[in-house]
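Top line first, the protein sequences correspond to chains A and B.
If you're matching positions, the first sequence starts at 755 in our numbering and goes up one per residue.
If you're matching positions, the second sequence starts at 755 in our numbering and goes up one per residue.
Source of the hints: derived by calculation from the structure; they are not laboratory data.
Quantities reported herein were computed from a predicted structural model and do not represent experimental measurements.
Glycine is no exception: its CB is placed at the ideal position from the N, C-alpha and C atoms.
Worth double-checking, as some hints may not be accurate.
One-sided and incomplete, this derived list gives chain B residues near chain A with beta-carbon spacing under 10 Å [unchecked claim]: (1) G775; (2) K780; (3) A829; (4) L831; (5) F839; (6) A842; (7) T904; (8) A923; (9) L984.
Pair ranges (Cβ atoms, derived) [said to hold, decoys possible]: (10) A:D916 - B:A1007: 57 to 63 Å; (11) B:S760 - A:A766: 39 to 45 Å; (12) A:R786 - B:G775: 37 to 43 Å; (13) B:L984 - A:R918: 41 to 47 Å.
Number of protein chains: 2
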Amino acid sequence: MQSRSSIEKALAAAMAAIDEGRGPPKLAAALRHAVFPGGARIRPQLCLAVADACGDDAPALSMAAAAAVELLHCASLVHDDLPCFDDAPTRRGRASVHRAFGERLAVLAGDGLIVLAFQTLGQGAAVAPQRLAPLLATLARGVGAPDGITAGQAWECESQVDLREYQRAKTGALFAAATMAGAQAAGAGAEAWRALGEWLGEAYQVADDIRDAGADPRWIGKPVGRDRALGRPSVAVEQGLSGAVQHFDRLVAGAVAAIPPCPGAGALRALVRHESERLVPLAWSSELLPSLARVAA
Amino acid sequence: MQSRSSIEKALAAAMAAIDEGRGPPKLAAALRHAVFPGGARIRPQLCLAVADACGDDAPALSMAAAAAVELLHCASLVHDDLPCFDDAPTRRGRASVHRAFGERLAVLAGDGLIVLAFQTLGQGAAVAPQRLAPLLATLARGVGAPDGITAGQAWECESQVDLREYQRAKTGALFAAATMAGAQAAGAGAEAWRALGEWLGEAYQVADDIRDAGADPRWIGKPVGRDRALGRPSVAVEQGLSGAVQHFDRLVAGAVAAIPPCPGAGALRALVRHESERLVPLAWSSELLPSLARVAA
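Can you build the whole structure from these sequences, using the hints too?
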């Protein structure tokens, strides 16, 4: 997808206000720790790829939207890792924010990143002010209640949970926000792009379940086997690794079919297929699954 | 100040999206618990009073800004009360959110309220889209890093803290956001209104310190004596109750003097004096202080 380095630059620019030397130094360090170095930056890349496919006419805004999506994602990771949730000791191959800076600064870093995301979006909208309100609504829906990440995480506190509803909110909602915001930043309608995001979000969640159930922790930079240990809903736990990989392939096909007509539809279809292959290599279905299944057992 | 009932209605309208029957029910209940019944709603009233003084020409937007300010305030209370910060058992006379719903839902409710605040602001801006970006910037500065509430709270994690810097971020910043947003919603410039908010924020923080040090817990709906017990910076602890009350009076005088020329300046000055008297009654200086000092000792 689009150049990783331009996304890193946009995130660095968004974080610059925090690094001006004012404010509490430990919070600034915790915020940096939460954002850099990043993971795959898959959501902002998706946002930019959709903007590009729609003939992006306001690159400053699409980049701001992409950075905002990633900052919201980082915020959710910091709060998900907290002791009262997953109590994850590591993230992206090093200490989670609360392990490195304490629980209080982890709560505040998450809060600060949510605020910074909307602030970044607002700044980017200087080039097209009339697009700000719809973009803001899209991102808020992707992370708030009752449909977004916050709601998804809160399903973990309910005794009755529908797995698809849970995953749609916890993962699909921000993917849908990424595709829709990409379209909106480029002046296109948002609704036609929701389905692509939801398919990809579900596929990504299944890929995460597969990796949690079967991958080497050194490879993914965080502990594995957490879903089973924490009794969390997981397609890989429910359907087994082989069933989960087949499910993943169906979801990717659904995503490709959901790309609406636009100037860059062909290139976007190829991109989605290519990135999906990176997430869950086709080879897994034949070569790796038997050994993965042993690890996960 | 302006009708409390209109603010409650605006907050109820903002919360309506959460109560649509979708989403996890416990999160919806925790969000309602965090917002209703409210405290004094002093920040949204201040926001509306300033908009009014500036000749409010977009009441839907000023009300949305006021509701957003209050939602951000509620979010900060929920997270401040968490076990890793104050571990406050009560708030506004009943169980704090984490005591009523558990720590996980308290973290998520705070997150959800921050998102809802920006969402509400965006919806209100339909009547004047060009005012959205500056309003968003003002609110984000009031709550984010390095200047806003999040930074203020994070100063509690530092070993070296300047008391005024801490209070300006923790309390003054959102008061300043309230006055500035009120002006911006009404189409006026923001900067001229920063000083009023900062003076009032500092005055309010001192009033809070005074009440924490000397008030009856039944009166203020939360435990008292926490600042001293937690070793938190407090003017009442540092200067004694009598000195703190004098300090409060000076700050209110500063606030009144800071009101910039505007159509409703006279009425606003009278309002600030009246509300300040409600916060820390003049009678305290002569009649109540000796007994308060005994309680606080």
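A quick look at each hint next to the structure:
1. Against a cut-off of 10 Å between C-beta atoms, the interface hint on B:G775 holds, since the closest Cβ of chain A lies about 8 Å away.
2. This hint holds: B:K780 has a C-beta 5 Å from the nearest C-beta of chain A, less than the 10 Å allowed.
3. Given the 10 Å rule on beta carbons, the hint for B:A829 holds: about 8 Å separates it from the nearest Cβ of chain A.
4. At about 12 Å, the closest approach between the beta carbon of B:L831 and any beta carbon in chain A exceeds 10 Å, and the interface hint on this residue is violated.
5. The interface hint given for B:F839 is met, as the beta carbon of that residue sits about 6 Å from the closest beta carbon of chain A, less than 10 Å.
6. For B:A842, the interface hint is violated, the least distance from its beta-carbon to any beta-carbon of chain A being 14 Å, above 10 Å.
7. With a least beta-carbon distance of about 5 Å to chain A, the hint placing B:T904 at the interface is held under the 10 Å criterion.
8. For B:A923, the shortest C-beta to C-beta distance to chain A is roughly 7 Å, which falls under 10 Å, so the interface hint holds.
9. A hinted interface residue such as B:L984 counts as satisfied when its beta carbon comes closer than 10 Å to some beta carbon of chain A; here the least separation is about 12 Å, so the hint is violated.
10. For A:D916 paired with B:A1007, a C-beta distance near 59 Å keeps the hint of 57 to 63 Å intact.
11. Checking the proposed 39 to 45 Å range against B:S760 and A:A766 shows it holds: the Cβ atoms sit about 43 Å from each other.
12. Look at A:R786 against B:G775: about 40 Å separates their beta carbons, and that is inside 37 to 43 Å.
13. Hint check: B:L984 to A:R918, Cβ distance near 44 Å, so the stated range 41 to 47 Å holds.
Going down the numbered hints, you'll see the structure goes against 4, 6 and 9, while the others check out.
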